[in-house]
Amino acid sequence: MTTGAALGSRTTAGPGHRRALRGSTGWQGWGWIFVLPGLVGLVVFVVTPMVASLVLGFFDATLLGGLTPVGLDNFSRMVGDRQFLNSVVVTTLFVLIFVPLNIALSTAMALWLRTRLAGRSWLRVIFLIPALSPMVANAAVFRMLLQRDGLFNSVLDAVGLGAIPWLSEGRWALAAIILVSVWQTFGYNMIIIGAGLDSVNPDVISASRIDGAGALRRLWSITIPLTSPALFFATVMTVIGAWQTFAQSYIITGGGPGDSTTTIMLYLYRTAFSYNQLGYASAISAALFLIIATVTLIQVWGQKKWVHYDG
Amino acid sequence: MTANASMLPTTGSGPLPPADESRGTRAAPHPGRRRSRRGWILSSALAWLVALIFMMPIIWTFLTALKPGNEVFSSGLRPFGSEILWSNFAAAWTEIGFGRLLANSVGVAAVTTVLTLAIATCTAYAFSRLRFRGRHGLFVLFVLTLTLPMEIAVVPLFLGFNAVNLLDTWTALILPSLFGAFGAFLLRQFMLQIPGEIEDAARIDGASTPRILTTIIVPLVRPALAVLAVFTFLGSWNSFLWPLIILNSMDKWTLPLGLAGFTTQTGTQWELLMAACVLTLIPVIVLVIVAQRQLVAAIGAGAFGGR
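Chains as they are written, first to last, in full-length UniProt numbering: chain A, 1 to 311; chain B, 1 to 307.
Source of the hints: derived by calculation from the structure; they are not laboratory data.
Honestly, I wouldn't trust all of these hints.
[As the list claims (entries may be wrong)] Over the 10 Å line for every Cβ pair with chain B, so calculated as not near, a few chain A residues:
| no. | residue |
| --- | --- |
| 1 | GLY71 |
| 2 | ASP73 |
| 3 | MET78 |
| 4 | GLY80 |
| 5 | LEU96 |
| 6 | ILE97 |
| 7 | PRO100 |
| 8 | THR294 |
| 9 | TRP306 |
[Said to hold, decoys possible] Just some of the chain A residues that point at chain B, by a computed CB distance under 8 Å:
| no. | residue |
| --- | --- |
| 10 | VAL35 |
| 11 | VAL47 |
| 12 | PRO49 |
| 13 | PHE127 |
| 14 | PRO134 |
| 15 | VAL141 |
| 16 | PHE142 |
| 17 | LEU151 |
| 18 | MET265 |
| 19 | LEU288 |
Ideal Cβ positions, reconstructed from N, Cα and C, are used throughout, including at glycine.
Whenever a hint applies, use it, and build me the whole structure from the sequences.
Structure (structure tokens):
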């Protein structure tokens, strides 16, 4: 496989591309036949439900009661719904603390694991184990560890810091949700960022070293910018996932105490499947969609300022 | 190597630090900045200490699973209770019907993976190597859906499956997860790199389009298929929200649902719940030990395929 042909076929104008397509023009119908299963599925199970989710927000819908159009009622209700607004605040706080913490820690660990360490490949794998285990299992484990007399408090007691009311005080409960979420996704982001670090040209680092750049300066001015595509990918994916946090709250705190850990997704789930208000739940999912889309667009727009694609 | 080794401080008779094992590291050893052996030992010890702390929840889960029920919280920091009850594992197995849950989870994940791979392969093949009307427009549609989180569509999906009487079925559980654009996009990136000459040659020899796909394209993108298989399997294995919404009958539950049901019951039997968590972790840890290198590589590759 020559690189010329491989690269050429990737750009629409390259000669390799034209040749590849010419070889396949025997009967044009094959294209549609091959694209059809995926296309039908995508339209039926992804595009339509998403559009329907927006439309359903304008209806009063219950599981058995059918649909009644209510105009903008669901949306105006949201503005005055303290529980909904609270869930937005809780989720925003979660995202603002969890994402930077997660990215900073996994970047630090990815950098550390590039130095010479005994059994380094095993260390990588150890940090990956929680990411491969179901969130529900991880959450159940943390629910035990965070009990009044659980492991965490036993350690805190032993070192004289005193127990923390992890599950009975709002702020600590949110901290607990963040803790398990970092633990869950840490290894995954570490691998992604590590793969980005691997793609940095070592000559650039050596050159800057010869130019007399210190370790911190090298990290900040060379390594981080060159790893920025991986950092960007990890951040965007982590942010999108963080807005949809569900299982952690559902299992560990049940959204409490009070509503201190009720995330948007948990509130949406309750509205739809405990209170049978499917129309209102759809309006909430439209709002969640708007939030995620806006935040993602801001990140994509902002990447010009810090992401460099030609390492 | 001997010359280098002799430059290291020879304070002990222990083995020398092993050579860099990772292929990925390109940082050439810099004579002036070579880490001393003491630095290497310290850094390694510290890293393993961090790893040990990181693993503590799992280790503690295992230790708790061996304790008598009334000593789960009263034992403080003591690793073992008054007796070691391996029988907790058997009790947990029967209590939550672990065998059934495991079989359901593996079955659902396997079917999901096979179907997702088949559909994504066909889509990617059409987009990367076949010419047809509307190709560009359709591809844009696929890419647009890439960034949309599926979770926001749960209510209409639920209503849709209710309308066709498919609630509480594996069909409703599996179908929506098969059509994400990620797989098609990932495979397309790999298929674009296959030179057209190979295909032309096969066509001259009289091979049909489906035959070219199965005998030429698929074998060439096998690494990408493996990455997608790992991702799809894990996604299904770990998914919770959609199964929670769609499945009512306990005999159809997957592992996360079984664990959740066990967790939220009043008066949790912690030692049994922790035994069940250990049982859930065992397949993961076995996978990690067997496929250590490939797993790390696969996740890194997946990250960049999706970019």
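Exercise for the section: Compute the least Cβ-Cβ separation between MET78/A and chain B, then decide whether it is above 10 Å. Expected result: Per Cβ check, MET78/A is outside 10 Å of chain B; nearest 15 Å; holds.
Handout entry: Hinted contact VAL141/A with chain B - closest CB pair below 8 Å
Key = Holds. Min distance 5 Å.
Practice task
Compute the least Cβ-Cβ separation between LEU96/A and chain B, then decide whether it is above 10 Å.
Solution key: Holds, because the least Cβ-Cβ distance between LEU96/A and chain B comes to about 19 Å, which exceeds 10 Å.
Practice task
Under 8 Å, Cβ to Cβ, is where LEU288/A needs to be relative to chain B, so tell me if that hint holds or is violated.
Solution key: holds, 6 Å
Problem - Outside-interface status for ILE97/A - nearest CB in chain B farther than 10 Å - result: holds, 19 Å
Practice task
With a cut-off of 8 Å on the beta carbons, see whether PHE127/A makes it to chain B.
Solution key: With a minimum Cβ separation of about 6 Å from chain B (threshold 8 Å), the hint on PHE127/A holds.
Handout entry: Interface hint outcome for PRO49/A [beta carbon to chain B under 8 Å]
Key = holds, 4 Å
Handout entry: Hinted contact VAL35/A with chain B - closest CB pair below 8 Å
Key = holds, 4 Å
Handout entry: Claimed clearance of chain B by GLY80/A, with the beta carbon kept past 10 Å
Key = Given a closest Cβ separation of 21 Å, the condition holds.
Practice task
Double-check MET265/A for me: the hint is only fine if its C-beta lies closer than 8 Å to a C-beta in chain B.
Solution key: Nearest chain B Cβ about 6 Å off; hint holds.
Problem - Beyond 10 Å from each Cβ of chain B, as asserted for THR294/A - result: holds, 12 Å
Problem - Distal placement of ASP73/A relative to chain B, Cβ over 10 Å - result: holds, 17 Å
Hint check: no violations occur; every hint is consistent with the structure.
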